[in-house]
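Participant: Here are the chains, one letter per residue:
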Amino acid sequence: MTHEIHLRDEFGPRLSDGSEAYRFRVSKIDPYLAICDQVVLDFTGVRSANSSFVNALVSGLFEQHGEETLGKLVFRGCLPTIQVLVQAAVDLGIIKHAERVA
Amino acid sequence: MLSIPKYINADGLIPFLGQLATHSDAAELLVDFTGLQRVSLAGLAALAAFMARRARNRLVTNVLGLESCRIREYLRRMNLLRLCGWEQGDESFERHDPQGRFVPLEPITHRVDDLGDQIAACIAPGGEDYENPNAGLYDAAWYLVTEMANNVQQHSRGMGFVAAQTTPSDGFVRIAIADGGCGIPASLADAGFQWARDLPDEDVIEQALVARVSSKGQPSNEGVGLTLSARIVDLMGGHMLIASGAGTVIRSNHSVLKKEHLAAGNRYPGTLVAISFRRSEAADFEYKLHKAKELEIPLRASPNSATFQP
Numbered sequence: 001m002t003h004e005i006h007l008r009d010e011f012g013p014r015l016s017d018g019s020e021a022y023r024f025r026v027s028k029i030d031p032y033l034a035i036c037d038q039v040v041l042d043f044t045g046v047r048s049a050n051s052s053f054v055n056a057l058v059s060g061l062f063e064q065h066g067e068e069t070l071g072k073l074v075f076r077g078c079l080p081t082i083q084v085l086v087q088a089a090v091d092l093g094i095i096k097h098a099e100r101v102a
Numbered sequence: 001m002l003s004i005p006k007y008i009n010a011d012g013l014i015p016f017l018g019q020l021a022t023h024s025d026a027a028e029l030l031v032d033f034t035g036l037q038r039v040s041l042a043g044l045a046a047l048a049a050f051m052a053r054r055a056r057n058r059l060v061t062n063v064l065g066l067e068s069c070r071i072r073e074y075l076r077r078m079n080l081l082r083l084c085g086w087e088q089g090d091e092s093f094e095r096h097d098p099q100g101r102f103v104p105l106e107p108i109t110h111r112v113d114d115l116g117d118q119i120a121a122c123i124a125p126g127g128e129d130y131e132n133p134n135a136g137l138y139d140a141a142w143y144l145v146t147e148m149a150n151n152v153q154q155h156s157r158g159m160g161f162v163a164a165q166t167t168p169s170d171g172f173v174r175i176a177i178a179d180g181g182c183g184i185p186a187s188l189a190d191a192g193f194q195w196a197r198d199l200p201d202e203d204v205i206e207q208a209l210v211a212r213v214s215s216k217g218q219p220s221n222e223g224v225g226l227t228l229s230a231r232i233v234d235l236m237g238g239h240m241l242i243a244s245g246a247g248t249v250i251r252s253n254h255s256v257l258k259k260e261h262l263a264a265g266n267r268y269p270g271t272l273v274a275i276s277f278r279r280s281e282a283a284d285f286e287y288k289l290h291k292a293k294e295l296e297i298p299l300r301a302s303p304n305s306a307t308f309q310p
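Each protein sequence line maps, in turn, to chains U and L.
Numbering-wise (this note's numbering), the first sequence opens with residue 1 and increments by one.
Numbering-wise (this note's numbering), the second sequence opens with residue 1 and increments by one.
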């Protein structure tokens, strides 16, 4: 089963509030990662994002579940600047997961 | 009495912050504007935050010499008089069209993403459209404003102000954000970082610019926002001043660092961040963001990419 989350519908075209992103991750993404084969975070229509938001949304997923999350999570429709932030958040989360496990 | 100096810009800014520090907790204060002839954006933001902090703490502030101040109209246009409560009612002056030139002082009270859009759209008209030539500048301004404003809202516990200005040709973009909160060193000390109590404030600020050092738990941004912001400004060949508590850190010329300590045990009551960079340097913001990420976030052993779909 694939679960799709359309961030533009949830937050509008600009994503900047890390607290909002954290609450959303805990309540609307984490539970689906456990029960779905794939979770799609769809950034289509999102014009701007900052690292506060993207790290709070994405980094914790990888910190908690590790690199295996790469196989479950798909990022769709990212503008190039947003893609840089997403990849940075993924890297950061995986590094932290490795530190926790070590 | 606090006599506002003739010039609050360039080398005059840090001594002015020291002056504010001296008077920050005076139960009654008379502020004399008679001599003021020039003030930078950073000076304006610092002054607004200083006055807001005094009002919040119910300290009495009276003003003198505004009528004869040579830049009274500028102070009005930049919203200082209204925000400080020195001018009320309908505006009796004509505002210049700010589009593409400046954003007057704005309190950081509404949504940060909207505030970022308001400032970025003014500095980089048309840049909201990703295909527009101003899109890089829009993105740079939006990113820097929202990250700094987030810090004000989340960590400073004080009302903050932001202002920006630029010139349409290849001039500089200047952004200043100030708040009257507890400041970076106290914020980190309160979060349990012993080193923030042990080090001088300027060293604490420097540490706060290192990714992951200043993380305060969830929501986890690992201090990356401030770190990436500082690195992006470096990569744009820009200039960044951060003043908080007794410390001041100035980054310019690609990370050359200058640190200062306010004299006589003074502590600036809050945080001031002033950024400047050349407009053209923001055109390739995407590349600079990527480069900043490479420099600040360590590579992991198995660099498998995330899955991106168009």
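Honestly, the hints are just simulated from the structure, not real lab data.
Keep in mind that this is a model prediction, so the values were computed, not measured.
Glycine included, C-beta positions come from ideal geometry on N, C-alpha and C.
Just so you know, not all the hints are guaranteed correct.
Think about it this way: if two alpha-carbon atoms lie no more than 30 Å apart in a straight line, the pair counts; the simulated DSSO-like pairs of lysine-lysine are [stated by the list, open to error]:
hint, chain 1, residue 1, chain 2, residue 2
1, L, K291, L, K6
2, L, K259, L, K291
3, U, K96, U, K72
4, U, K28, U, K96
5, U, K96, L, K6
6, U, K72, L, K258
Derived coverage of chain U by chain L (criterion: at least 3 residues anywhere in the stretch with Cβ under 8 Å from a Cβ of chain L; other residues may be distant) [as the list claims (entries may be wrong)]:
hint, region
7, 9-17
8, 79-92
Participant: Run every hint past the structure and note whether it holds.
Facilitator: Here is how each hint holds up against the structure:
1. K291(L) / K6(L): 41 Å, violated
2. K259(L) / K291(L): Given that 30 Å is the threshold and the Cα spacing comes to 25 Å, the pair holds.
3. K96(U) / K72(U): 19 Å, holds
4. K28(U) / K96(U): 22 Å, holds
5. K96(U) / K6(L): Measuring from Cα to Cα gives roughly 51 Å; hence the hint is violated.
6. K72(U) / K258(L): At roughly 46 Å apart (the allowed maximum being 30 Å), K258(L) and K72(U) break the hint.
7. 9-17: Per the Cβ count (5), the hint holds.
8. 79-92: It holds, with 12 qualifying residues against the three required.
Violated hints, in rising order: 1, 5, 6; the structure is consistent with all others.
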